[in-house]
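A.B. asks: So you can see what is in the structure, the chains are spelled out below.
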Amino acid sequence: MGVLSEELRDQIRAQFPKYPNKRAVVLPALHLVQDAQRYVSIEAVREIAELLELHPAEVHDTMSFYQFFKDEQHKLGKHRVWVCRSISCMLRGGEELLQHMCEKLHVHPGQTSADGKVTMEFAECLGACDGAPCILVDDEAHMNITPEKADDLLKSL
Amino acid sequence: MSTFEPTLLARVGKPESQSLETYRRDGGYEGFKKALGMAPVDVVNLVKDSGLRGRGGAGFPTGLKWTFLPKDHPGPIYLAINADESEPATFNNRILMEEDPHQVLEGIAISCHAIKSNKAYLYLRYEYGRSYRVLQKAIDECYAAGLFGKNIHGSGFDLDVVLHRGAAAYICGEETGLIESLEGKRAWPRIKPPFPAIEGLFRKPTIVNNIETMACVKQILDRGVDWFKSMGVPPDPKNPRDPGSYGPKLYCISGHVNKPGCVELPMGITSRQLIDEYGGGVWKGRKAKAVVPGGISMGFLSADELDLPLDFNGPGKAGCLGLGTAAITVIDDQTSMVDVLFNCARFFAHESCGQCTPCREGTAWIHKILARIRMGEGQPRDLDLLSEVAGSMGIIPGTTICGLSDGAAWPIKNAIKKFRPEFEEYIKTGRKTVKSVDALMEVH
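Respectively, the protein sequence lines represent chains A and B.
The opening position of the first sequence corresponds to residue 1 in this note's numbering, with each subsequent residue numbered one higher.
The opening position of the second sequence corresponds to residue 1 in this note's numbering, with each subsequent residue numbered one higher.
Hints in this document: simulated from the structure, not taken from any laboratory.
Careful, some of the hints might be misleading.
[Claimed, not checked] Simulated restraints on C-beta separations:
| no. | chain 1 | residue 1 | chain 2 | residue 2 | range |
| --- | --- | --- | --- | --- | --- |
| 1 | A | Ala14 | B | Pro194 | 30 to 36 Å |
| 2 | B | Glu277 | A | His55 | 55 to 61 Å |
| 3 | B | Gly354 | A | Met143 | 28 to 34 Å |
| 4 | B | Pro194 | A | His74 | 34 to 40 Å |
| 5 | B | Gln379 | A | Ala14 | 54 to 60 Å |
| 6 | B | Ile395 | A | His106 | 28 to 34 Å |
[Unchecked claim] Derived list of chain B stretches under chain A, where covered just means 3 residues or more per stretch with a C-beta under 8 Å from a C-beta of chain A:
| no. | segment |
| --- | --- |
| 7 | 126-140 |
| 8 | 215-223 |
| 9 | 254-263 |
| 10 | 415-428 |
[Said to hold, decoys possible] Derived BS3-like pairs: lysine-lysine, alpha-carbon spacing no greater than 25 Å straight-line:
| no. | chain 1 | residue 1 | chain 2 | residue 2 |
| --- | --- | --- | --- | --- |
| 11 | A | Lys22 | B | Lys204 |
| 12 | A | Lys18 | B | Lys284 |
| 13 | A | Lys75 | B | Lys185 |
| 14 | A | Lys22 | B | Lys150 |
| 15 | A | Lys149 | B | Lys204 |
| 16 | B | Lys204 | A | Lys18 |
| 17 | A | Lys18 | B | Lys185 |
| 18 | A | Lys149 | B | Lys284 |
| 19 | A | Lys149 | B | Lys435 |
These numbers were taken from a predicted model, which means no experiment stands behind them.
Beta carbons: idealized from backbone N, C-alpha and C, even for Gly.
Using the sequences and the accompanying hints, generate a full structural model.
C.D. replies: Below, the structure is given as structure tokens:
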């Protein structure tokens, strides 16, 4: 028994029938592991590789390309909060919002609050420009965010 | 214009617009049923005759793309749906997926029948969590109702639709980057040819189409070619290669307007109309200094270019790369173009996949040069240097594999050409607009 629980392994195996080969399950597997464990350890990479009949380097190559997946040194908090910094949000105060939220939590982008609840990040366009400035909490968009609304959101997490 | 009735957005905002039940009550999946009664080649010809051009940004004729598939291929043939919508300021696909998922799925089903594919992969950007949940529910409904699965309506046609989530990388919107990512690899675009229609996903013939394109296919099946061609801009008689810009289009409006949003209009509306008639005007009573016509990779329209029609040819007449995603971003007259351009440059430096040196290095150095200008340390020769670097990167100069680089270069070329006096003044006076938050973002 490694770092991946039998339940997690089953969830990964359940993806196999959707694709003609197992390599296509790399991203779904990385998502499943990171969702459950808040990072993807080297050991988890090895175990994913074994399940998908790949070399661990192949899994790691894919994982490291997407800065989305985090290793041991960058474990995520319970929630991930992204503030959009791209053009439509920048024009309506997105960067100031990022600064406000980072100061509130005493973190830099990429860091996690001391209580382990929130990892703050900046994002490129979240595709919610009709509600700029917008933020993403885990994978749910919140639009037209003011500093006050941001404070309330952080409190609710 | 007053007689125009939205079709793509007709159901958006209605109660339970996402459910199969209400969709069917509105005549949903009748087009798919009709398509199943037609020979696949007839569906391809219908879409070809409609003049539909892909809504993802490049505007390639959809029906023509479908004909590039090898004839009598034993299969499998794949349909890969590009729902990686990541071009800054673009959100029309999100609205379609969140509010009317079955319209999109019906377009996918019709298209699969047309290209003889039994499997569609919908590659969805990770950030669209709501779209993911809404679409998955809609797909489950389709299986339960026998609209997807084996031997649909006794036609002998099988169809599986798989949702596949991305991991926050802009390059996955490039069609071969998307294919590599779907295969479980880093999203490095492939050298073409072979084009995906010949060798695509899992090395099989593959068509990559956009979400809004799928919605258009569904509407064309329901309403016919004449309806589609009754809207938009016919081909330019002086350009024998112009297929025209027909049909309705979803335009996104964001930035410095009173009422940002997404509107459906016939192709060929102008930026000024979008701002004044649909976006509630420029905010705070100000004037527009510049407009991004279709995502930042298209470049900029200046204040005196706002009456150009936003069809597939319009923005190009003002030196923009194209119509792109038809997502306009309005920049008011109080905003520094240096700050706007820096924002664009930072985006591309962050999103270049790093495979081709001119793009990886070009985007990074453009970002650094603009950062230095914003620190008040720009030099007069920086503007020519920026133009030179931008001119050296992309498919157009022939130095990169994909078009990300052309898109990264275009706002630089456009801004320096159209707003050069502002940049010169900024550098000469040693102006400095860098903010404390910029230092915060350098950590990454």
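A.B. asks: Evaluate each hint against the coordinates.
C.D. replies: Results of checking the hints against the structure:
no.	hint	verdict
1	A:Ala14 x B:Pro194: 30 to 36 Å	holds (33 Å)
2	B:Glu277 x A:His55: 55 to 61 Å	holds (58 Å)
3	B:Gly354 x A:Met143: 28 to 34 Å	holds (32 Å)
4	B:Pro194 x A:His74: 34 to 40 Å	holds (38 Å)
5	B:Gln379 x A:Ala14: 54 to 60 Å	holds (59 Å)
6	B:Ile395 x A:His106: 28 to 34 Å	violated (45 Å)
7	126-140	holds (count 6)
8	215-223	violated (count 0)
9	254-263	holds (count 6)
10	415-428	violated (count 0)
11	A:Lys22 x B:Lys204	holds (16 Å)
12	A:Lys18 x B:Lys284	violated (51 Å)
13	A:Lys75 x B:Lys185	holds (23 Å)
14	A:Lys22 x B:Lys150	holds (23 Å)
15	A:Lys149 x B:Lys204	violated (49 Å)
16	B:Lys204 x A:Lys18	holds (16 Å)
17	A:Lys18 x B:Lys185	holds (17 Å)
18	A:Lys149 x B:Lys284	holds (22 Å)
19	A:Lys149 x B:Lys435	holds (23 Å)
Violated hints, listed in ascending order, are 6, 8, 10, 12, 15; each of the other numbered hints is respected by the structure.
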